[in-house]
Structures are given as structure tokens and as C-alpha cells.
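Peer 1: Sequences and hints are given; from them, build the entire structure.
Protein chains: 2
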Amino acid sequence: MTDKKFDRAVLDQLLTKRFFFAPSFNIYGGVAGLYDYGPPGCALQANVLQLWRQHFVLEEDMLELDCSIMTPAEVLKTSGHVDKFTDWMCKDLKTGEIFRADHLVEGVLEARLEGDAEARRAEQGTAAAATAAPVAAKDAKDAKKKKAKKGKVTAVKLDDAVKEEYTSVLAQIDNYDGAGLTELIQRFNIKSPETGNDLSEPVEFNLMFESSIGPTGHLKGYLRPETAQGQFLNFKKLLEFNNERMPFASAQIGRSFRNEISPRAGLLRVREFTMAEIEHYVDPENKDHPRFAEVKDQKLRLLPSNVQLDGKTELLEISIGDAVEQKIVDNQTLGYFLVRVYLFLTRIGINPERLRFRQHLSNEMAHYACDCWDAEIHTSYGWIECVGCADRSAYDLTVHAARTKEKLVVREPLPEPRVSQQWQLEINKKVFGPTLKKAAKAVEEALTSLTECELETLSKRMADNGGKADIVATDGATYEVTDNMVTIQLATVTEHVREYTPNVIEPSFGIGRILYALMEHSYWTREGDEQRGVLSFPTVVAPTKCLVQPLSNHKSFTPFLGDIASRLRRLGISNTIDNSSVSVGRTYARNDELGTPFGITVDFQTVQDGTITLRERDSTKQIREKIEIIVEVLKDLVNERTTWADVMDKYPVFTQQELE
Amino acid sequence: MTDKKFDRAVLDQLLTKRFFFAPSFNIYGGVAGLYDYGPPGCALQANVLQLWRQHFVLEEDMLELDCSIMTPAEVLKTSGHVDKFTDWMCKDLKTGEIFRADHLVEGVLEARLEGDAEARRAEQGTAAAATAAPVAAKDAKDAKKKKAKKGKVTAVKLDDAVKEEYTSVLAQIDNYDGAGLTELIQRFNIKSPETGNDLSEPVEFNLMFESSIGPTGHLKGYLRPETAQGQFLNFKKLLEFNNERMPFASAQIGRSFRNEISPRAGLLRVREFTMAEIEHYVDPENKDHPRFAEVKDQKLRLLPSNVQLDGKTELLEISIGDAVEQKIVDNQTLGYFLVRVYLFLTRIGINPERLRFRQHLSNEMAHYACDCWDAEIHTSYGWIECVGCADRSAYDLTVHAARTKEKLVVREPLPEPRVSQQWQLEINKKVFGPTLKKAAKAVEEALTSLTECELETLSKRMADNGGKADIVATDGATYEVTDNMVTIQLATVTEHVREYTPNVIEPSFGIGRILYALMEHSYWTREGDEQRGVLSFPTVVAPTKCLVQPLSNHKSFTPFLGDIASRLRRLGISNTIDNSSVSVGRTYARNDELGTPFGITVDFQTVQDGTITLRERDSTKQIREKIEIIVEVLKDLVNERTTWADVMDKYPVFTQQELE
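Chains Y and G are the protein sequences, given in the same order. Going by our numbering, the residue at position 478 of the first sequence is 478; the numbering climbs one at a time, nothing skipped. Going by our numbering, the residue at position 151 of the second sequence is 151; the numbering climbs one at a time, nothing skipped.
FYI, nobody ran anything at the bench for these hints, they're computed from the structure. Mixed in with the good hints there might be a few duds.
One copy or any two copies: either way a pair holds, since identical chains are not told apart in the list.
Stated by the list, open to error - Dumping the calculated DSBU-like pairs for lysine-lysine here, alpha-carbon to alpha-carbon at most 30 Å:
hint, residue 1, residue 2
1, K430, K441
2, K650, K77
3, K327, K77
4, K468, K287
5, K152, K429
6, K555, K287
7, K296, K635
8, K84, K220
9, K77, K407
10, K621, K84
11, K312, K438
12, K407, K17
Owing to the predicted nature of the structure, the values given are computational and were not obtained by experimental measurement.
Peer 2: This is the structure we're talking about:
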């Protein structure tokens, strides 16, 4: 299934009609970026999450948590979110309309490039199918930045130099901060796209929802932007729970919030969303994974950063074993998770042909990440980041430990004592204090925070400079330090315990995005009848497994419906009785749209001989057998112990009853 | 198991040590009323919710939703929460400490009564075991109002009249508003309990967390205080999804928030909590339930409001059929849910002897409820409201419909047209408009909003008053209406469709409270060794079903552990390998505390003959069989196809290996 003939509007209509989801507070006019899942969407989500729990938490014995959403400001200040989790916004000075500044610049420049291409085509008298020249490196990125409002495209030819400049700006649009965006807006004379009004200077907007905890109004809180922080804060208790053994992973499924400046693209960019996040804690000196051998032959389609930097988008199909060996993927643990993510996504029904793993370019990485691969799924919006697999290094545990003075480390007895040479600092208090007086504390803080490598450098600087060197203290001022105040030397150290801060490999799943992609990949229309949409969810995630319906409203059918439904329920097979007074054909069509894989019909023959028909959604083929047999067949189908093809081999196809 | 010897501190210590839950943001000092669930707490919760979904959603084919938490202020203004979802707080004028005013008054008066009792005992020279006289009606209520800070109890005898006055105030403490509480504080000279400082006048504090949606700062939002509103707003889509059939129910599991003034009592009164709510929509003229016959013989322990008003707490043990027939419980649907709630709670392990259903007194009811029964569970904190079963009547649907002009009604074709006499209003526009001029609209709005009964009254007033009457218009002013402007008369109306706003019966589950009560009910200590705590969760909700451990660290055991764990995993039986280097006895003790019902041990005999031991938590009895057999036995135990008693009958008890 490709999206060649795919019509998003038609699918959206189906999804709304069947209440997979709908804008929240719809009767109040709705709020952008907030959606409710209706019964089929909610069941689909529950099934996907259930499978996620099985596939990750149970399979790998992860430690699942359920943490608070409301988070005191101090925690998110430490994690960097208060300062860095921001976008730049600017305002139409007359209408007050607010734009995300980078999207705005991007949209306007793209519109101008399109206008240029149009003008050039007109000039050449050709109507070539190609529109604006694709910007390869940009095109390779995810579609979240797809233009919302870019204003009218007018056919105006640009100078070659201008065109080149626009293209170059677009290729690195993620690199501009507020000043940079201001400069672009001025240089390119960018106005509010629809009104042409002047724009305000971009200002920073924090994407977290703010609130206040308790009655005093003094304790500021934010709704968490990710579930990860709650996991990091519990690291010590988790390690203890795991009997101090490494490596291990924690996991959490839960709601997170981002107060987007201008949400769009349906379920893809929303203000409230369900995430499923894994934090795998690993020894920074050994990122091998004990189960890597089980996955090493699995091939994945990769888009490494160097390929993107060459302006290309060709995918590299390679086994994860080779990818790790060739250092394309940094380590076994990251590689292991890429495969596990692949297996999960394809199991729930994502088309493997429309799934790739793209490495982040350094300018895209979140403030905490040191390497990142996104599982991207192709949809009608382009390639969408659905699972981020980041190596957050020791960032989070380090900053929280520094702030709280709580040791967030692993202590491992060494098999034998380790003797090593280490650069060490000794402060000669008798001279240090009296010399520096009030500044002593600030200088001491600066010195004790130096790494070994920095100590070595400082020692060399002092040696080269007659035993003294300037140093910037924590009060911001510079002071001279001399070799009678401090001794810096290489000393022999014997350690019996190794103490380290673990690195964290984090696969982070955006459940809403995955569900939306799954709906697109599952959707098709019946040959020759494009009104008849089908959602071919795999049985394991289908919202309802079986429809139970009577051929008509005839009273004699009623007891059979209840009996069959309760048999199925006892086997844990979710089912719906549909006894609305419409034709069997219409009911089947409705359930095709709901993605229900199987349908049972009770008819007059049922009353005579206790047989019922079982219909499969994708083929619309049916069999007719005794109730007991059908129930058993269905049980095996739902539990994946048999396939519909096997069922077709074993039982005769039933065609007599005209249903379609 | 009673709580006779129950020591809450010891259980709390166990629950913290085993990380069932812990204060959120603990390394930052924590925030009152916010808790994280650790791995066993989280698994327990997931299992309870899974069972809830099976028991309610699947069994009754409810329409499950997953709605937004962030809610625009307008929605909660309409629902009444912005105005009425408040508590009264007052402040220590010197320290700034904030108290919930009713709790404060209650605590201080109770302390004085205790002091009085002490003084009287001392006077009589007796040291009777009884403390302050119990206040029956109050004692019957839930423990949420248990004193936090009541200040020192000093033995001061009170006048008999004062004592009586205190007792009477305490019995109706829920009835006081801000003015009432102010008056009490002055009259009884109530001061800040610990400092003795003066208190501020009580001010109203809204319990919803406030935030702002989007970048403009103009759209105020609140975190939802209940999941119900999202369900009501989707009523129209739900009814359509249900093929316009009544009755039906929607359901939602999710997080809700209440910014408590001073949270306490652990998991019982928190600021963020998981709820599971059902909204069952029913015809107000027929609240019978189609499946009532299935439950009518179930006996429940009820505490009706009239018993409480008599100052008594004796429970009435009665079948729900009789209770509904005798009008103790208002209708079948409410009765049906009380039984379903009872079955659910006892299935997950709540002790039926410590479970009762208490009817709300009229002064306790939430602003939207017209009748309410709480499932209360007895814990060391007293009787705790864990599931509220409220009849919210048509309140919510009516107010949202009025505010949004969206019809939230059911339209039912009548079996035959209904002819009736109805009071109707006709406006004579030619006279009405010109007479009232600018006020015409406001008067028309007032007239058209009159009910039939009010129209009849108005008609009489006009008839008695020479064909005219004063009426208050929607602009607040009074105008004269005459019988040449309007005609009010009894007309014959023929209806083919009946249109009505459904009533809503709402069972609302506080999952955290239920989990805490379950932990208390499941807890006991081994005979003769009070250090050895056990949590006897039913297998179906136990966080982990089976422990897999080696007898020692011997290398030959390792392959068996992995093999057994993967066999269990394939059967969906959650298990943990514990190969920490502690004795088997200590590992069993740890898993008793985690509530793991079964434990497998691999020992030297395993290596020789492939047999393993299986131990049951509560009895500590073991059997020894081949791995294949043990796995099958475990499968049947976990799926509740067999019991440990049956296993004991079938297989010989194994005693040789010394474990305890």
C-alpha cells in the first residue's frame, strides 16, 4: 500500500465519522492541539499500549513507574527545560496573530522559491511537473516543520544569488536563535503572511504549561514535557530495587504536555499526548547489550547523518550487527533498541517499507542528547518522527545529582583493586584563605570543579608561568593562583570500588503519532468502490475483534446473539453486538471502517441447525460452521495460533447467503 | 484479618522499602500530595485497571474514551466547578501557615472535647479506656476529615452546655460556609493550633490547578478535577456511535487533579490521582436495568441516610433486589452498579467484611448530584470513600446544552403518536415589539425559558390581574406583559418523537485509594515473626506472578533460569529472575513483601533430573516436579483454572530442601 492514490481528507472524514478521535471540547468550539479518542481510537490505543508493555516491559523485565505529571519548577530548571525548552514566536503588530518565528520565515521563503520556480517555468514556456527544486538535506528531515501559513505564492523570479541564499537559509533554519531570526526577518523584509503587516521581534516562549501548587501561590509548577524526569529522579530507588545490578531499564507510559505556539497537522503536533518512554541505564565504558546476538542479523533501513550532510536521502539497508561494527550506530545497546523498536512497530501494523531510522544532525539534537536516531514513519505529511532513540549520556543524572547533592551513581566492587595515576588538587589552606580572603570560597569552588584533564592543563600553565596562573572563580571574577596556595600533581590512587554515573539510552515513543501513522498505513478502499473504506489493523491491535449481528430484526435470533457474545467474552475476545435495523451489508461496511477483523452473522439457518457464518474483513470471504467450531476458530485466530489462509484451507467457503 | 494488631507504620515502611510508592521529587524534598508508583505499585495498578476494563468496559460493552486533561475554563464554569469546587482556607496571621478552615475548626473542637474527657476522667479518678465520646453520625462518615493539626490536648473541663454545643457543631461541620466558619472561629475563640496566633477570615480557594493555553495568555485552562466532563461533552457522538440506542455507558480511565489545601493521609488525599469513571445514560422515566435479574439476590451491607440521621451506624445486610423494592436504593440501575462495584472490589482482594455502601446525607452531596452511595472501605484511617455512585440526574447535559446551544438529548420514535395538553406561549409580534421596544429581546428570552408549569402560573396571574402581569426579564429589570402581547393557553399537541435529556448514573473509582486499602487488607505478618510481612494479593492482581531463583550462585543453574523465565513469558506469566547473592530464604521473604504468589527454585537436583520446586506464598508449602509440569500447574494457577489446595491434593508436598 503506497499513498499514491491516498486521499487524506477522505480518511480524516472516516476517522471522525467513526469517532476514532475528535477535537476536544468540540461543542465549545474546540481548542487547537487537544483531541479526545473515541471508543475505537481508545481501544486501539489500549491494545497498542498493552502490546508495548508485553514487548518491552515484560520481555526485558523493565521497572515500570507511574510518576506525577505536575512537577515543581526547580526540577525542570535543573533539567534545562525552563531555559531551553522554548520556541521563538513573533506577532502580527496589527492583528495580534502569533506565529512560530522559524516556521514563519521558512514558510515565506519557501513560498518565494515556489514563486520563482513558477516564473522560470513560465519564462521557458514549459509546464514541467517538477515544482521548486528539492532541498535534499531539509527534505530528509521530519515533516513537523511543514508550512502552516506561507502566504500566497506569486510568480516572481528571484536573482540567482537570492535564490541560493534562501536555499542555504532553509537548509539550516534550525540553527537560528532569536537574534538570527530577527536579522532574517529584517534582511528579507518578511511580513505577516496573510495581512502583510509588520511583525514584532521574535521573543522566546517556553513550551511548558505553568501552574502553581498548593494554596500559597509561591510554589511554581509545570506540567511535565516528558515522562523521563520522573524516572531519573527515582534512579537511586530503582537501582536498589534491581538489587544494585546493572544494566537495567525503567519505563513509563503516561501523559505529557507541550504548550505549542500553533498546533496543526491533526494528531501529529498536539498539546497533550501519551508517551511511552524507556530509560536504559548503562555503563558508559561498556555499552554492549547482553541480548545483542539475538537481533544482530536484523536488517534496518538507516539514514545516517553523513549521508544527509551530503544532501542525499538514500537509505542504507544494513544488518544492525554490521552497522554497529562499522560504527554507523554507536553501540550495541542503541542498536539493540533500534531493532526492538522496528519489531514493535511492524508488529502493530506499520508498513516496514515506510519506516526508516534517521540519525539527528548535530544542530537538531535536544539539549540533553549526545546521539539520536529517530524511527520515522512515512505518512501523507511526509516522514514523521515517531520514536526518538537518544543517548542522553550522563546529562540528567549528573545535573540532578549536582543540584540535590544526592549521589546518583553506581558503585561496583572491582574484581581487583585498580591502581592508577590521577591528577589531584591539594589546597594549602594556610596560604589559600589568607591570600584570597573573601574570594577564597569562589576560587575553591572553581578549582574543585575542574576535571582531571583541566587540572593537568592548569598545572602546565602554572609551570610555564613561573608557578602562577589566572583562574575564573564562580563569582565570575579572575584571580591569580600560585603554587604555594595549591599543589597539583599526578598521584597514585588505589581504588576498590568503581563509582560511575550511568549513561542513559532512551527510546521515547509518541503514541498519538504512531496511532495516526498506523491508521494511514492500514487504510485502503475496496476495488471499484472508493466509498468503501477499510482499516486493515492486525487482529492483535484491532479495536474490536469480532462483530456479532443478526441477519434481520427477527425475534428468534436474539438468544443466539447473547449466547455467542458471552462465549466470546469468556475467552477474552472483545466483540460488539450490532442489532441496529440496517442491512447486514451496511453493518459489515461500518465494521470495515472500524477495522473489525471478523464478523459473525446469525440467520434463519442458525435457528434450524446451530450454524453461523464467520466473515473475514480483508477478503470478505466467509465460512459456515457450528457455533462451537466458529468460536474455537476465532479463538485461534485472535491468539494468532492460526491464520485466515489456514482457515480457508480447512473449511469450505460459504457463498450462499448474499451479503455484499 | 482485622486491623486489631495492625501497625500502620510498619506497613508504610514495607511499602516504601519495596518501592510500591514514594513521594514524588523526593530528592528535591518532595511535594505534599504527589506520589510516584514504583515497579510493584505500578504493576499492581496496571493489573487492577486491566481487570476493571474487563469487568466493566468489556463485560458491559461500554464506550471507552480518552479525553484531554487540560480543559478550557468555560467548560468548568458551566459545569459549576469554577464557582463551587472550593474549600475555605484561613491563614495564621503571623507565620502565614495555611489551613483548611473546616478541618481546623473540627480539629480544635475535637481536641477540646478530648481535653474535657480527660479532665472528667481525672476528676472521677478513673482511667477508663474510652476516650472522647464517639459522635455517631460523624463517625459514620469517611475519614477524609481526620484531624491533621488540632493542637495540644489539654485536660480542661468544659461546661456541659459548651460540650453539647461543640458536639452539635461537629455533627454538621460540612454545613458551614465562609461566614459560618468565620462566626465559629470568633465565637469559640479559635487560634492557630500550634502557635496560638490569630487567624485570617476564611477565604474561598478553588481546588483546580489553573494554567493558560497557547501563547497569548488569554485562554484560561484548568486541569480537569474529574474525567466525567469529557464524557458529557462527547455525549452526542457517543449516542451516534451507539446507533442511537439507549441506555448505554461511556467510561474513562485517567489522571485528574485537585489542588488540595493541605494534603495528608498518604495515598488517600492527593493532588494528582488516577480515576476510573463510568457515565451510564438512562431514561429518567425508566431506570430499570436489563441485567438487574442477574444480580438481584446479591446481598450488600448498606448504611442508608435515615439510619445515619438517627445517629446510628448499624449496617443493613440486604439483597439488592429487596433494597430496590423497598426504595432504600432508588432504582435498578443504581442497584445494579452497587453490586457490580461490590463484585469488582472483592475480586481484587478487598475484604467484604470491611466494605459497606453508605448513602450521602443531603448536605454532603456534590453540587451536581441528586443521590449518592459511596462504596466505603475500612482502613486504619477509618472508613474511606473509594467509589462514589452518584445519580447526577440530567444536570451536566442540561447545563452544557444550555451554554453551547447544542442539543444533548435522545430522540425516540414513539410506538404511537402521543396526544397531550400542553401549556404554550405565543407572542403577538405586532404588539410585543413596538410596546417593549429595546427590552423586547430580554422579555422574550425570559418568557421562552419558562417551563410549562411556570407558564400555567403566569397565565393564572394574568387572568387574576386583569390580563396583565409583571415579569423579570433577562436584563434584570421588571416589565409588564399584557394579554394582547402574548397568548398563553392549554393546547392539544401530537408528538411522534419523544425527546429527553438522559439522566446519568456515575460510578466513580478513586484508584489510589482502592490500591491503598487493598495493601492494608492484604497485609499480615508470619506467626511468631512479626518482622516477616506478607502481602497476600490475589494472583490476578499480584504485581509479579512468579519468582525464579537459583539456590546459589552456582554457574550450572544459569541456563535453567533463562529457560524457565522465557517459558513463563511466552504464557504471559510475569516473572522476575532474582539472582542476587542472598540466601533463598531472604529472597522468599523479599517476594512475600512484594506479594509474589509463587516462587520457583533451581537447585542441584534440577541439574540432575530437570525438576524444580514451586512454593506458594501464603502457606509456604512446596511441590517438586519436572519443569514442564510446574509450568503447566503455574499456568492453571495464574489463569484461575485451579487452586493451590487442588495442587496440594494432586502432588506430594516437598519438604527436603531446607529453605525457611
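Peer 1: All hints, please: hold or fail.
Peer 2: How the hints compare with the structure:
1. K430 - K441: Cα proximity of K430 and K441: one copy only (14 Å, versus 89 Å across).
2. K650 - K77: neither (64 Å within a copy, 61 Å between copies)
3. K327 - K77: neither (35 Å within a copy, 58 Å between copies)
4. K468 - K287: Neither. Shortest intra-copy (41 Å) and inter-copy (90 Å) distances fail the 30 Å Cα cut-off.
5. K152 - K429: Neither, since 71 Å and 50 Å both go past 30 Å.
6. K555 - K287: between (66 Å within a copy, 24 Å between copies)
7. K296 - K635: Classified as neither: same-chain Cα gap 34 Å, cross-chain 32 Å, threshold 30 Å.
8. K84 - K220: both (17 Å within a copy, 24 Å between copies)
9. K77 - K407: Result: close within a single copy only, 19 Å intra versus 46 Å inter.
10. K621 - K84: Intra 56 Å, inter 58 Å, cutoff 30 Å: neither.
11. K312 - K438: neither (58 Å within a copy, 70 Å between copies)
12. K407 - K17: between (54 Å within a copy, 18 Å between copies)
Hint compliance for this structure: hints 2, 3, 4, 5, 7, 10 and 11 are broken, all remaining hints hold.
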